[in-house]
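*Asks:* Chain by chain, the residues:
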Amino acid sequence: MRRDTLITEGCVSLDPFLVTLIEALVKTIVVILALLTAFAYLTLVERYVVAKIQSRIGPNRVGAIAGIAILQPIADAIKMIFKEDFWPAQADKVIYTIAPGLAVGTALLAWAVMPLHPPMDIFGYHVEFHIADVNIAVLYLLAVGSLGVYGIVLGGWGSNNKYSMLGALRSTAQMISYEVPLGLALVGVLMISGSLSLVEIVAKQSFIWNVVWQPLGFIIYFVAAVAEVNRLPFDLPEAETELVAGYQTEYSSLKFALFYMAEYINMLTVSAIAATMFLGGYQGPFGILPGVHWLILKIMFFIFLMMWMRGTLPRFRYDQLMRFGWQVLLPLALANIFITGVVILLVK
Amino acid sequence: MESIVFYLFAAIAVIAALGVVVLRNPVYSALCLAVVFVSLAALYVLLSAPFIATAQVMIYAGAILILFVFVIMLLSPGSDPLKEELKRQRPLAILFGGALVALLVLVLATTALPSPRGPYTPERIAEIGSVQAVGASLFTDFLLPFEITSLLLLVAIVGVIVLAKKGR
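Protein chains in written order, with the working numbering: chain P, 121 to 468; chain R, 2 to 169.
Honestly, the hints are just simulated from the structure, not real lab data. We put the CB at the ideal spot given by N, CA and C, even for glycine. Please note: incorrect hints may appear among the correct ones.
[What the hints assert, rightly or not] Residues of chain P clear of chain R, computed beta-carbon distances all greater than 10 Å:
#1 Ile194
#2 Leu228
#3 Lys324
#4 Phe444
#5 Leu450
#6 Ile464
[To be verified] To give a feel for the contact side, a few chain R residues facing chain P, derived at Cβ under 10 Å:
#7 Met2
#8 Leu32
#9 Ala35
#10 Phe52
#11 Ala54
#12 Thr55
#13 Gln57
#14 Met59
#15 Gly63
#16 Leu68
#17 Ile73
#18 Gly130
[Unchecked claim] Far from chain P by the CB rule (all over 12 Å, computed), these chain R residues:
#19 Tyr8
#20 Phe10
#21 Ala11
#22 Ala12
#23 Ile13
#24 Ala94
#25 Val108
#26 Ala110
#27 Thr112
#28 Glu124
#29 Gly160
#30 Lys167
Could you put the whole structure together from the sequences, leaning on the hints where they help?
*Replies:* Quick look at the structure:
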């Protein structure tokens, strides 16, 4: 077998397979570090936004610069690490331990197919800013998203606490129900783009974003996504007035931090999917200066929207939540697919 | 490289499948089944069928198994291990299990492997895409079985609703 070798300036020859492996590894580490940093600072942003909505000042002590506590996340992290790691007496030790890890792991997986930046050459080496370009990326996102419920269910069951259990059951029912309109809302975009690869879908939105053709799909996706990440007004799995803290009631210390991390990374993920599928991902409006800054800006917009909703809206009742998902969102999503199909047929 | 990945995931799948049968806690069994599904999905990717792989994870691990877990959690909230209630069935189970293994070995031994290739070779799939290949065959060569299956599923859904509403 002949092996092509890559000759760099120092006349070092490298196996191309090794190069791909190292490249993927570097990208993965960078993406994970970026996400964890984003998570740490999102907790601070959320505290600020909610404080402003409720006419409070918000955190302003730890390393304050211009009244903003820049070092607050680090203080929070240190506090989390040194808290007592509590084990409920009758908890299932194995499942109680792996549940938070599963939650974070499945939350991180989705970022493997996310296109972050247009491809460019760095030091004569062509770099594409996504970990993997697969031609089933959208389905992969849905598949990984559907695994996210495992962490919550197992955490609730493993704690052996009735509030945790109720929270876990609620989240199972809710996430399975809202996955259906979530997936169907994306079908419209797939019909327009004719591709399941996120890289191609973004590339095709260089001038006009998909939201122009898919306004209904966009709204359905966002509503279902908020339900999918268990945020207000759909936060019944952790409704504090009824269930203490739902599935995470018994968790403390780093395990609690992991659940918290999973929630925020899931928020980032659904925002990134919304930005990529409907708002052109890293593409600027009318093709202005494409780059990762646009993606970050769009993700921040969705995150702010979710925080704003948290500060403003009351919680759904459980039966209302189920009825809304199955009897409003699902028919709307199906109608959206039908209309899109008819329009595509007529235009062609 | 490919064979290393294959043996890795095949081993995980077999061990997890054993776990499904051997473990006494139903929640552990369900989790092992999830591991089986995910490693099978990895094997599908190796067979250049990424669409089947994601469908496997999405439908089996993400939806059906979650419902299994849901029911298990509702029926046995504690982590009590399952009790042996079907002692008399043991000899029968051994007999039929052994017969099945013998049959499988017989079939594998008499079949010529690899079997003849169909129109969708890995090169062809790489050219047109895995999803496109599945879609094209579903809506041309296999349209009738596909539509009959969807009708069957519709009947099942209607039947479930009728049964669930009966008491009211």
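*Asks:* To test your reading of the hints: which numbers does this structure violate?
*Replies:* Hints that this structure does not satisfy do not exist here, as all of them hold.
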